[in-house]
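Sequences are here, hints too, so could you generate the full structure?
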Amino acid sequence: MDRKKKLRIRLAWYLLLTAGLLIIMLFGEQLSPHDPYENNLLKIDQPPGAEYWFGTDQLGRCLFSRILTGARSSLSATFAVVLVTAVLGTAAGVIAGYYGGPVDRLIQKLLLIIQSFPGQVMAIAVAGVLGAGVKNAAIALVSIGWIPYARMSRSMVLKIKESNYIKAARLCGCNSGYIILRHVIPNIGSVLFVTAMLALPGTMMEISSLSFLGLSAKLPTPEWGYMMNEGRKVLMTAPWQTLIPGGAILISVIILNRLGDSVQEYLEYRTGSI
Amino acid sequence: MKRKMQKLVAQLAGILIVLLGVTLLSFSLMYIAPGDPARTILQAGGTMPSEEAVQEKRKEMGLDRPFLEQYGSWLWSFVHGDLGVSMIDGRNVSDEVTKALGKSAVLAVTSLAAGVAAALPLGVMSAARKEKMFDRITCFFVFIRLCMPSFLVGIGFLYLFAYRLKLISISGSGGASALILPAATLATGICARMIRQIRTLIYEEIKHPYVDGLRSRGIRETQILFVHILRNAMLPIITMIALSFGELLGGTAITEIIFSWPGIGRLVMTAIEEHDYTIIQGFVVVIALIFFVIYGLTELSYSLFDPRVKKQKESSRNG
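If you read the protein sequences in the order shown, they are chains A and B. Letter by letter, the first sequence follows residues 176 to 449 in this note's numbering. Letter by letter, the second sequence follows residues 28 to 346 in this note's numbering.
Don't read these hints as lab results, they were simulated from the structure. In this text the structure is predicted, and so the values were computed from the model without any measurement. In this text, a Cβ means the ideal position worked out from N, Cα and C, and glycines have one as well. Keep in mind that a hint or two might mislead.
Derived CB-CB ranges, DEER-like [as the list claims (entries may be wrong)]:
no., chain 1, residue 1, chain 2, residue 2, range
1, B, Pro289, A, Leu281, 36 to 42 Å
2, B, Ala60, A, Leu281, 24 to 30 Å
3, B, Met75, A, Ala187, 57 to 63 Å
4, A, Ser338, B, Leu46, 36 to 42 Å
5, A, Thr412, B, Leu46, 47 to 53 Å
6, B, Ala60, A, Trp228, 38 to 44 Å
7, A, Asn215, B, Ala60, 35 to 41 Å
In silico SDA-like pairs for lysine to any residue, Cα to Cα no more than 25 Å straight-line [what the hints assert, rightly or not]:
no., chain 1, residue 1, chain 2, residue 2
8, A, Lys181, A, Tyr441
9, B, Lys86, B, Ile59
10, B, Lys157, A, Leu373
11, B, Lys193, A, Val409
12, B, Lys31, A, Leu287
13, A, Lys342, A, Ile360
14, A, Lys408, B, Arg172
15, B, Lys193, A, Pro414
16, B, Lys34, A, Gln283
17, B, Lys130, B, His107
18, A, Lys179, B, Glu158
19, A, Lys180, B, Lys159
20, B, Lys193, A, Asp220
21, A, Lys181, B, Met160
22, B, Lys157, A, Asp436
23, A, Lys284, B, Thr266
Next up, the structure:
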């Protein structure tokens, strides 16, 4: 089997698994066998069994249903944060690189300032001050996450700015907005796309860390990181309440990680180099 | 010479601007909080405060003054090593932060040392046996660890070693045994990241012709790997270590909470719960400054040790 076919099959396989994640994210609540919010004090802390596949939690809620329902807040926040950071960061980088001068210097300084804060410190501080909530956790992650996209797109724009096709477009009287959208973005898009794909697993881990700290999802919405935090108190007697959400996070991160790698390898192979 | 001086002045001015920005950003954290901080603090007690009480608290916190004036006086005392007092119980913020920072530093240094000590041989061996069994097994574990957020690893370790195998008691208050699990949690993370990078570095280094030269002179393979090749790859590894240390100081929060380690992360999480903004500000600004210094020093050492970097930078700036 040639390498291209191998890469293609692998990519398809991980795309399929990611599609599975997306289906759970979108329809998890409908797929749940039990009501994920329903307390049942007669059936608290039941170990995994035939009726409750993953057991129940301290309030007797079905853990399997809560995992399925919790996929929505855990995963959708991940995708949203990556999308917003990629768009914002690219916009900042392209503007800095294309226009140069004082705008560039301003954005560069801003990059240096925010870069001085280690990611987790900034995320915890911003999310903590803003108060618990998925939106605030997302804002915290976006506020630091745009940096790499801005740096990358800036340096790439600097490289292609002096190329002949940009000069030609300018000579033809195209305005800057048109040149950026039609000539600059398509040329740097694939690298940034790969960067975004590779950022997915890390973002997922950061979001679940924040919610583990109680800084993201609000009760009673199930969220995997927060479920682990709740289950932690009974780790000794009912370990499944912590270990199963942990497994859900681990599996999703592995799938997203492998997806990013296979996308990168496939595109690298197809274009020669990226 | 004159140009050099000008450049130095410009660089210093740049650093100053960044430092001002860092402190300004840390200070303004309190202002992105929804609602009035004074009211939030008073409400945290559980009762609805009267309008007079809120006004008084605002005055006490200095919130009635213009923003820049507040920032200026905060910065002035910060430069003098004073970060103000806690809004909740009046503890001295600088003392609290320094004390907790010391605890976190112990954790960070221990886990960094353990992580690096394990990563160096594993990474080098992995590169030497690329695609062989040893490499595959190492890479598998590295991959799994990199897919696990630290709270997952921490809880896993807690469950496995403290509850299941009962190897470590977690009831203890501090001491060396309390350090083992949190340090192991962080060390595995550093180790995994470093193995990956060391493996790539060493693999690139092995390809150089001087390695063949050493081999043909009959020098033992282990000596080639761990003395000659490792030495040539040391510079990026040192940078990695320095940056990991900075990251660790701020990134231990979750691990500290799981294992009740009284470090900087736990301090700030408690402060967040209590809306103790002065402590949050103090924590952020101190960590940011440490990180800034480490970052600057590593870049500096890079161009000091390897003159090629300096040239590259200059040419990329012109180009």
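Checked hints:
A C-beta distance of roughly 41 Å is found between B:Pro289 and A:Leu281, which places it inside the suggested range of 36 to 42 Å. Distance hint check: the CB atoms of B:Ala60 and A:Leu281 are about 26 Å apart, consistent with the given range 24 to 30 Å. The hinted range of 57 to 63 Å is satisfied by B:Met75 and A:Ala187, whose Cβ atoms lie roughly 60 Å apart. Judged by the Cβ atoms, the range 36 to 42 Å given for A:Ser338 and B:Leu46 holds: they are separated by roughly 37 Å.
In this structure the hint that A:Thr412 and B:Leu46 lie 47 to 53 Å apart at CB holds, the actual value being about 51 Å. Checked against the hint of 38 to 44 Å, the C-beta distance between B:Ala60 and A:Trp228 comes to roughly 42 Å, which is consistent with it. Distance hint for A:Asn215 and B:Ala60: a CB-CB separation of about 38 Å, consistent with the stated range 35 to 41 Å. Proximity of A:Lys181 to A:Tyr441 is assessed by CA-CA distance (about 9 Å); at most 25 Å being required, the pair is judged to hold.
Taken as a hint, the B:Lys86 and B:Ile59 pair is honoured in the structure, with Cα atoms around 19 Å apart against an allowance of 25 Å. Distance hint between B:Lys157 and A:Leu373 is fulfilled; the C-alpha atoms sit about 23 Å from each other, no more than 25 Å. At roughly 16 Å between alpha-carbon atoms, B:Lys193 and A:Val409 fall within 25 Å of each other, so this suggested pair holds. This hinted pair checks out: B:Lys31 and A:Leu287 have alpha carbons roughly 23 Å apart, not beyond 25 Å.
About 16 Å separates the Cα atoms of A:Lys342 and A:Ile360, which keeps this hinted pair within 25 Å; it holds. For the suggested pair A:Lys408 and B:Arg172, the alpha carbons sit about 24 Å apart, so the restraint of at most 25 Å is met. A distance of roughly 15 Å separates the Cα atoms of B:Lys193 and A:Pro414; the hinted pair therefore holds under the 25 Å criterion. Restraint check for B:Lys34 and A:Gln283: satisfied, since their Cα atoms lie roughly 18 Å apart, inside the 25 Å limit.
A C-alpha spacing of about 23 Å is found between B:Lys130 and B:His107, which places the hinted pair at or below 25 Å, so the restraint holds. Distance hint between A:Lys179 and B:Glu158 is fulfilled; the C-alpha atoms sit about 20 Å from each other, no more than 25 Å. Between A:Lys180 and B:Lys159 the alpha-carbon distance is near 24 Å, which keeps this suggested pair within the 25 Å criterion. A hinted pair counts as satisfied when its Cα atoms are at most 25 Å apart, and B:Lys193 with A:Asp220 qualifies at roughly 23 Å.
Taken as a hint, the A:Lys181 and B:Met160 pair is honoured in the structure, with Cα atoms around 22 Å apart against an allowance of 25 Å. Between B:Lys157 and A:Asp436, the direct Cα distance comes to roughly 19 Å. Compliance with the 25 Å bound is thereby established for this hinted pair. Note on A:Lys284 and B:Thr266: the hinted pairing holds, with a Cα-Cα distance of about 23 Å set against a maximum of 25 Å.
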